[in-house]
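Chains R and F, in that order, are what the protein sequence lines are. With the first letter of the first sequence counted as 1, position 144 gets the number 144 in our numbering; the numbers rise by one all the way through. With the first letter of the second sequence counted as 1, position 101 gets the number 101 in our numbering; the numbers rise by one all the way through.
By construction, these hints were calculated from the structure, which means they are not laboratory data. This one's a predicted model, so the numbers in the text were calculated from it and none came from an experiment. Each hint should be verified, as a subset may be incorrect.
Taking lysine-lysine and the DSS-like style, the derived pairs with C-alpha atoms no more than 30 Å apart in a straight line are [claimed, not checked]:
#1 F:64 - R:13
#2 R:168 - F:153
#3 R:13 - R:46
#4 F:64 - R:168
#5 F:159 - R:168
#6 R:46 - R:22
#7 R:13 - F:159
#8 R:22 - F:64
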Amino acid sequence: MMHCTMDDLLALKENEASAWAKQHLETCPACRAELDALYQRIAALKALPVRRPARDRWPAVRDAIRADQRRRRRRWGAWSLAAAAGIALLLLVRPSGGRVDAAELQRVKQQSATLEAELDRYDPDGRVTSGRTAALAAVLEDRIAVIDGELAQLGTPQAPVRRAELVKLWQERVDAMQQLMSVRVTRVAYVGL
Amino acid sequence: MTISLAVPDILVARARAGDLEALEALYRAFETPVYNLALRILRTPEDAEDVLQETFLEVVRSIKQYRGEGHLWGWIKRIAASKALMRIRRNQVRATEELDEESTGGPGSTGGVPMQIDLERAFERLSETSRSVVWMHDVEGYTHEEIAEQMGKTVSFSKSQLARAHARLRRMLDAEGAA
Numbered sequence: 001m002m003h004c005t006m007d008d009l010l011a012l013k014e015n016e017a018s019a020w021a022k023q024h025l026e027t028c029p030a031c032r033a034e035l036d037a038l039y040q041r042i043a044a045l046k047a048l049p050v051r052r053p054a055r056d057r058w059p060a061v062r063d064a065i066r067a068d069q070r071r072r073r074r075r076w077g078a079w080s081l082a083a084a085a086g087i088a089l090l091l092l093v094r095p096s097g098g099r100v101d102a103a104e105l106q107r108v109k110q111q112s113a114t115l116e117a118e119l120d121r122y123d124p125d126g127r128v129t130s131g132r133t134a135a136l137a138a139v140l141e142d143r144i145a146v147i148d149g150e151l152a153q154l155g156t157p158q159a160p161v162r163r164a165e166l167v168k169l170w171q172e173r174v175d176a177m178q179q180l181m182s183v184r185v186t187r188v189a190y191v192g193l
Numbered sequence: 001m002t003i004s005l006a007v008p009d010i011l012v013a014r015a016r017a018g019d020l021e022a023l024e025a026l027y028r029a030f031e032t033p034v035y036n037l038a039l040r041i042l043r044t045p046e047d048a049e050d051v052l053q054e055t056f057l058e059v060v061r062s063i064k065q066y067r068g069e070g071h072l073w074g075w076i077k078r079i080a081a082s083k084a085l086m087r088i089r090r091n092q093v094r095a096t097e098e099l100d101e102e103s104t105g106g107p108g109s110t111g112g113v114p115m116q117i118d119l120e121r122a123f124e125r126l127s128e129t130s131r132s133v134v135w136m137h138d139v140e141g142y143t144h145e146e147i148a149e150q151m152g153k154t155v156s157f158s159k160s161q162l163a164r165a166h167a168r169l170r171r172m173l174d175a176e177g178a179a
């Protein structure tokens with residue numbers, strides 16, 4: 001006597017079985033028992049104990065989210081800086097006094113660009129750092145983001161451009177980046193913050 | 001395992017805005033079901049934890065695209081299943097599943113000494129592909145069409161995998177009963 005295959009049983013469960021399988025099931029106790037066993041197996045699978053992860057992965061997820069948020073801020077900062085650089089260029093070409101400020105502005109901007117490139121070479125996400133060092137780096141990155149925001153604001157009608165202020169902000173950015181460089185490269189846990 | 005996870009809209013809105021506390025609340029709410037899904041499909045707790053982490057990073061990146069249609073768990077589950085299946089494909093590059101299945105030194109035995117094989121152990125001895133199909137279909141309630149789409153296979157592949165997996169489970173459980 002031919003019995004239902006597993007395909008037939010699964011089709012019966014899904015109500016998609018052939019006429020033969022449906023009819024056979026009516027007359028075959030063995031196949032009915034197989035179908036019952038299939039239902040029981042599925043119920044037992046659903047009732048398997050819930051497993052929980054042995055380790056808490058949230059800190060790793062959180063750190064990755066923070067790194068991503070910082071990257072986004074810095075990317076935004078880079079766009080803002082481009083705008084600020086345009087304003088600075090206007091100042092430099094304007095025939096006015098303050099040659100010393102103009103030269104100084106160019107120098108700190110160059111210094112900032114060099115540090116930016118250096119920092120990019122040190123991928124912070126791929127390195128192991130202590131909690132204190134990571135927190136310090138986060139504070140410095142936030143400070144740089146704030147400075148970038150201020151630089152982007154300069155030149156708006158609410159905040160007309162003042163070259164001395166611009167130089168001061170760029171200098172602060174350079175200082176913060178130098179400190180960040182120290183944290184990243186030497187893993188120092190204290191930079192006088 | 002029955003999942004009934006209701007998450008307030010305000011929490012989702014805060015998570016969309018990048019609020020870390022809200023994101024952690026979401027993580028805590030779905031950590032166990034995501035881990036369970038991944039663990040049942042994959043071979044090791046380490047792989048399942050990796051999938052848990054990858055799933056939540058994807059959730060954070062994509063949550064702005066979640067429009068609130070359907071249950072949030074359904075959306076997260078889809079991401080988790082996709083990450084787990086991706087890992088299976090990666091694992092398959094290193095080892096063929098058939099060898100794992102036919103091996104006598106699998107998780108259900110130790111050095112030829114017969115072991116009690118209950119359903120959980122029998123399930124663990126299935127290939128990752130078979131486990132994925134069984135778990136997604138029988139436990140998570142995916143249709144064969146949905147499984148086929150997620151796995152990049154045909155509907156008949158999903159159906160035949162399910163039938164073969166159940167036939168194997170039945171054989172393994174019968175062998176246990178006879179022992």
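Hint-by-hint comparison with the structure:
{"no.": "1", "hint": "F:64 - R:13", "verdict": "39 Å, violated"}
{"no.": "2", "hint": "R:168 - F:153", "verdict": "62 Å, violated"}
{"no.": "3", "hint": "R:13 - R:46", "verdict": "16 Å, holds"}
{"no.": "4", "hint": "F:64 - R:168", "verdict": "38 Å, violated"}
{"no.": "5", "hint": "F:159 - R:168", "verdict": "69 Å, violated"}
{"no.": "6", "hint": "R:46 - R:22", "verdict": "26 Å, holds"}
{"no.": "7", "hint": "R:13 - F:159", "verdict": "13 Å, holds"}
{"no.": "8", "hint": "R:22 - F:64", "verdict": "48 Å, violated"}
In summary, the numbered hints that this structure violates are 1, 2, 4, 5, 8.
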